[in-house]
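Each chain is listed here by its residues.
Protein chains: 4
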Amino acid sequence: MQNQAAIMYGTHDIRLEEVPVPEPGPREVLVEIEAVGVCGSDVHYYEEGRIGSFVVREPLILGHESMGTIVALGEGVTKHEVGERVALEPGVPDGTCRECRAGRYNLCPNVRFFATPPIDGAFANYVAIHEDFAFELPDNLSDDAGALMEPLSVGIWSCRKASIKAGDHVLVTGAGPIGLLAVQVALAQGATDVTITDVAPQRLKMAENTGATRAINVSEEPLAEAGVEVDALIECSGNERALNDGIRCIRPAGTAVVVGMGPGEESSIPLALIQNREIWLTGTFRYANTYPAAIELAATGKVDLDAIVTGYYGLEDAEEALQASRKDPANVKPMVIPASTQESDRG
Amino acid sequence: MQNQAAIMYGTHDIRLEEVPVPEPGPREVLVEIEAVGVCGSDVHYYEEGRIGSFVVREPLILGHESMGTIVALGEGVTKHEVGERVALEPGVPDGTCRECRAGRYNLCPNVRFFATPPIDGAFANYVAIHEDFAFELPDNLSDDAGALMEPLSVGIWSCRKASIKAGDHVLVTGAGPIGLLAVQVALAQGATDVTITDVAPQRLKMAENTGATRAINVSEEPLAEAGVEVDALIECSGNERALNDGIRCIRPAGTAVVVGMGPGEESSIPLALIQNREIWLTGTFRYANTYPAAIELAATGKVDLDAIVTGYYGLEDAEEALQASRKDPANVKPMVIPASTQESDRG
Amino acid sequence: MQNQAAIMYGTHDIRLEEVPVPEPGPREVLVEIEAVGVCGSDVHYYEEGRIGSFVVREPLILGHESMGTIVALGEGVTKHEVGERVALEPGVPDGTCRECRAGRYNLCPNVRFFATPPIDGAFANYVAIHEDFAFELPDNLSDDAGALMEPLSVGIWSCRKASIKAGDHVLVTGAGPIGLLAVQVALAQGATDVTITDVAPQRLKMAENTGATRAINVSEEPLAEAGVEVDALIECSGNERALNDGIRCIRPAGTAVVVGMGPGEESSIPLALIQNREIWLTGTFRYANTYPAAIELAATGKVDLDAIVTGYYGLEDAEEALQASRKDPANVKPMVIPASTQESDRG
Amino acid sequence: MQNQAAIMYGTHDIRLEEVPVPEPGPREVLVEIEAVGVCGSDVHYYEEGRIGSFVVREPLILGHESMGTIVALGEGVTKHEVGERVALEPGVPDGTCRECRAGRYNLCPNVRFFATPPIDGAFANYVAIHEDFAFELPDNLSDDAGALMEPLSVGIWSCRKASIKAGDHVLVTGAGPIGLLAVQVALAQGATDVTITDVAPQRLKMAENTGATRAINVSEEPLAEAGVEVDALIECSGNERALNDGIRCIRPAGTAVVVGMGPGEESSIPLALIQNREIWLTGTFRYANTYPAAIELAATGKVDLDAIVTGYYGLEDAEEALQASRKDPANVKPMVIPASTQESDRG
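Residue numbers (my numbering), protein chains in the order written: chain Y, 1150 to 1496; chain G, 1150 to 1496; chain C, 1150 to 1496; chain Z, 1150 to 1496.
Some hints here could point you the wrong way.
Stated by the list, open to error - Dumping the calculated DMTMM-like pairs for lysine to aspartate or glutamate here, alpha-carbon to alpha-carbon at most 20 angstroms:
| id | chain 1 | residue 1 | chain 2 | residue 2 |
| --- | --- | --- | --- | --- |
| 1 | G | Lys1451 | G | Asp1342 |
| 2 | Z | Lys1228 | Z | Asp1288 |
| 3 | G | Lys1314 | Y | Glu1378 |
| 4 | C | Lys1451 | Z | Asp1288 |
| 5 | G | Lys1451 | Y | Glu1465 |
| 6 | Y | Lys1451 | G | Asp1342 |
| 7 | G | Lys1451 | Y | Asp1453 |
| 8 | C | Lys1314 | Z | Glu1378 |
| 9 | Z | Lys1451 | C | Asp1453 |
| 10 | G | Lys1314 | Y | Glu1196 |
| 11 | Y | Lys1314 | G | Glu1374 |
| 12 | Z | Lys1314 | C | Glu1172 |
| 13 | Z | Lys1451 | C | Glu1389 |
| 14 | C | Lys1314 | Z | Asp1288 |
| 15 | C | Lys1228 | Z | Glu1233 |
| 16 | G | Lys1228 | Y | Glu1378 |
| 17 | C | Lys1228 | G | Glu1445 |
| 18 | Z | Lys1314 | C | Asp1453 |
| 19 | G | Lys1228 | G | Glu1445 |
| 20 | C | Lys1314 | Z | Glu1233 |
| 21 | C | Lys1451 | C | Glu1468 |
To be clear, the hints were calculated from the coordinates, so they are not data collected in a lab.
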């Protein structure tokens, strides 16, 4: 067993190296990684070396949207068997802090999250993870779909925060992978009218192909003039104007969920409107308790994850994968396939 | 304008008579009724002359699942026009009592509800209703679908009480019209596994045709042995054993919503289990704030109302319509079409 | 019966005039007003002639925090008798719109609210109101307390939005009448640690006298350096810095409720923090379903309304009353006593 | 260091024996126990040898309402120091299962709970516990109060489930220790009217002394005739008639929380009423996330725990303590003081 990994040594500096195969600890499983999605946060680390207060100071393996096959079991594992295909929930919290005990384990200050300094991620052949954070995948789901349970979780979490109910009208601003999946989840939860906005026509087209009721190119038609009125806004662009225009579309007592990260610490919002309409605004930080639902939504066809996959790369092409979506906005979700590298290397 | 009505004078005694066309009061619209579904409560009044403390003491027009076309406007109407097709929400509450003010207008002690003594219903050519309780129907919905917004509302209400979320597993006991629609709504809200039980094979078949994941004939396979485990139970049979077996299938912190009315005031439930699993149990009484969602769920094809319609009757055949479903459990939802009577009478 | 009223003809122009005694309509009661609190919104209209989009264009009677004694009953009144002391909930909604039906009648677009153009308020001897918006006062409550059910309602509403639970830590920024009452309500709901901030020492002292755990004069000690950590922020100052510093004190998954109105339409907020901690932010617009709770909280001594009353004025001194709190921040809650005017006028 | 323990060998068979002092594991603290309350469940094990499916098959140390002083720290402890007084939350869940991850750790199937076979409890001089389940006690709280954070947690949990809000009216049936504390917590959460029922005059008197608005001796005045109407029922007697009469007192949309365990698996309830009023019914199983609130409610004087303490016993008198409350219903809460035994033994 060889474990190759794409290690980030600095911005624009990723090297394919061999690292030790992890030893699964008590209740951990060892997983051979078969597919990893490239996330915007991976791109941020690669391009800027940091995301807010998280700074890459030591060599780091990126990648946290992953699935694979269990190849070994640590002591005390009872829920899995060797050979099982699993999606990996990439953040393992401490389980006893105030946030964990309240069910908000995504806010655990001691969480160990893949590809977040100093914890390594999944651009590698093997990773070990606590068995309760590996979720069996049904046969009818592709490897890509298995890896994309992670961004789907972000979409589910945003829709939960938005309390999408049957018959709701929803606005999603930003048609990147998260926005695209938020549209699908909103529809799966019973939303009957889902509008999406972006400036990239290919992304808007992708949204329409996966069920969006209406796609607005805000470089051509300002949202403020589009007559949109919704129960919930899910902001996925990180753009202050999108947030503000979006909030103005929200009905009394509706909800704004801010998923996209803006460039700064502060943002201006239409506070008087929020008061007069008693709108609720919140933001999301990762997700909690989403993987079982994510897998079932995909397995029952309510959400189509393969529809957003736009390219494949080996581990040795990790840099190319990390640059793909900034080069071309249509390249929404590049996938890294570690096993392909290993095989060619072995050949 | 002639207004024929099927008037119940007593159990098994319904007479087609002409009654005055109602004069629409302030903010009321006059509606020519085009379709009325027959509900189990209509059947109860017809067969037993009462439902619990509601007793038919004076002649009463039955029918409360109705739609039609607006033919006249009362003073101050601003939301509708003559010629508009509307679904009628059959209960108009007082709007100022404690329950109304809290948004629970279905519990308003002063509500005036169609076909509930002493308020007349919609087995007639014309009825008047407050404009805020008439909801415009899109062209792509059939008359039947328009009338069936009422039982669909019961289904929506039960799923709201059950807090069905994306990925939930749901058990619906009883495949009458409410159970069948609860299945569809649960799926529309993102449930990924919906089991239904009944003893009538035709009804179970209808449930499977409209999306149920699993249909169990409990006369052949006891629910207790079927290995069902769910987040929510929606009890639509009024059967104590179904309720008890159903509750035993609920996961910790899950919910039981009792929609079906049992024969007596009291029921035995597995209370120790409810305590140990911290299950929530509640019941439904009609519904509130469901019509807009109901219309959109049907209009977007997330729910198929035409799929449960099983027969048509003129006003003069109201008694036959009222007897249909007890004679044949496959006759899930007979429809009364008042206009057809009027036309043939006129002919 | 004579009905004197303090009528605002323009900014800084209030005249005492006789107006017709209102005729109570169906289900209305006629109330002789005995106490009216002066609210910041009254002061805004008096000083600036407007609050946001609400502009005083016609002569207007101010005052909406009122109580009195029922002196006549309109047709169909069943809940009250002549001679009963009542607190008046000053906004009567339409009861049938989308917001009313959902229980959010404070957001009813058709609400008729005292002292909000063009609806007259209670700086008068007599007003008529729907019986369901008059609430009987127990004998042990003072007239002042009866009138102050209105600002207490704002305090209750803000604490409900903040979901204050037993054991919570709460920060209230701004020690005006609303802030002072929010402190008391938070304590009554079980908060075990309530910090208040302001720049006026007298107001902070008043907060401490009514139970605040800690009072911070932010002109001396910046909130950011005070080490405050809370489950909920209730912002009552309308000050952007207070809002921002306050939000930074909120624990993960906590809540910020914005009650105070800022000067502009937009505000800057620490959005990245709101995202990272998944904080909820909302605002309040009046209140709904608070009067019964308000009366009982005061009647049982859990809240002390008399503690914030700081002066008395006759109707003829309405202008003086309206200027009182801006002249002296210690003059938190001036009261107008219409009957005293009437008596002296009669004398 | 000697560790004496009162070990239950069978029903009515408790022996004082020396056992090894536990070795604190990683992140565990070793606590010298100073006070332990006797709970009804201890009495059940002592008298019947079982509670439902939990059966005492091996010798077992009873006692789970405990506090003490930390005397040693295991590896990795960061939150506590030797010498600190702590209350012990007696159930340590696994932290990773479905229930734990959702914040419902009280429903964790793998929880290790004091004095629940086969886990030993606190009728001993020393116990070890995970540091996150030991909570520092402020100096102003007595040892008794520290131990009684456990039944107070049950009271808090029941009031949370009942969603007690400011101004609510509450009915508590059963004035044992849990009922008495539920009354106090309901008041602390803002309930303005709390009725308690029981058949023991001394217990009712104790309820009145700690704030109950009304105490009804149901052996003299049937609850059904007392005209009680409430937002929430908290059933603490385990008596089916109390539950039924109590449910009939609940207002539309109110809540029934069943805390008391009845003798059997099933109970009869007024289901038609629950449906017609859309009442919510649930039960409680232990509690989650209550200790911080419990300690603060007691420390701020909102709840008085010392008021329910009725007697003291050494470890050698554990049997007497276990028999005390069944012998005399006025003996609501006997306390076992292990250190007193140790001292006398050492003497």
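Outcome of the hint check:
Only pairs whose Cα atoms come within 20 angstroms are accepted, and Lys1451 of chain G paired with Asp1342 of chain G is accepted, the gap being roughly 16 angstroms. Our distance criterion of 20 angstroms between C-alpha atoms is met by Lys1228 of chain Z and Asp1288 of chain Z, whose separation comes to about 18 angstroms. This hinted pair does not check out: Lys1314 of chain G and Glu1378 of chain Y have alpha carbons roughly 23 angstroms apart, beyond 20 angstroms. A threshold of 20 angstroms between alpha carbons decides the hint, and for Lys1451 of chain C with Asp1288 of chain Z the separation of about 27 angstroms lies outside it, so the pair is violated.
Taken as a hint, the Lys1451 of chain G and Glu1465 of chain Y pair is broken in the structure, with Cα atoms around 45 angstroms apart against an allowance of 20 angstroms. In summary, the hint linking Lys1451 of chain Y to Asp1342 of chain G is supported, as the alpha carbons are separated by about 12 angstroms, within the 20 angstroms threshold. Only pairs whose Cα atoms come within 20 angstroms are accepted, and Lys1451 of chain G paired with Asp1453 of chain Y is accepted, the gap being roughly 17 angstroms. Among the hinted pairs, Lys1314 of chain C with Glu1378 of chain Z is inconsistent with the structure: their alpha-carbon atoms are about 23 angstroms apart, more than 20 angstroms.
Taking the CA atoms of Lys1451 of chain Z and Asp1453 of chain C, the gap is near 17 angstroms; set against the 20 angstroms cutoff, the hint holds. Only pairs whose Cα atoms come within 20 angstroms are accepted, and Lys1314 of chain G paired with Glu1196 of chain Y is rejected, the gap being roughly 38 angstroms. Proposed proximity of Lys1314 of chain Y and Glu1374 of chain G is contradicted: the alpha carbons are some 33 angstroms apart, above 20 angstroms. At most 20 angstroms may separate the alpha-carbon atoms for a hinted pair to count; Lys1314 of chain Z and Glu1172 of chain C exceed this at roughly 38 angstroms.
Only pairs whose Cα atoms come within 20 angstroms are accepted, and Lys1451 of chain Z paired with Glu1389 of chain C is rejected, the gap being roughly 34 angstroms. Between Lys1314 of chain C and Asp1288 of chain Z the CA atoms are separated by roughly 24 angstroms; this puts the pair beyond 20 angstroms, and the hint is violated. Between the alpha carbons of Lys1228 of chain C and Glu1233 of chain Z the distance comes to roughly 59 angstroms, so the proposed pair goes past 20 angstroms and is violated. Of the pairs offered as hints, the one joining Lys1228 of chain G and Glu1378 of chain Y holds, with about 18 angstroms between alpha carbons and a cut-off of 20 angstroms not exceeded.
A distance of roughly 40 angstroms separates the Cα atoms of Lys1228 of chain C and Glu1445 of chain G; the hinted pair therefore is violated under the 20 angstroms criterion. Taking the CA atoms of Lys1314 of chain Z and Asp1453 of chain C, the gap is about 18 angstroms. The hint holds against a cut of 20 angstroms. Proposed proximity of Lys1228 of chain G and Glu1445 of chain G is supported: the alpha carbons are some 18 angstroms apart, at most 20 angstroms. Between the alpha carbons of Lys1314 of chain C and Glu1233 of chain Z the distance comes to roughly 27 angstroms, so the proposed pair goes past 20 angstroms and is violated.
Restraint check for Lys1451 of chain C and Glu1468 of chain C: the C-alpha separation of about 33 angstroms exceeds 20 angstroms, so the hint is violated.
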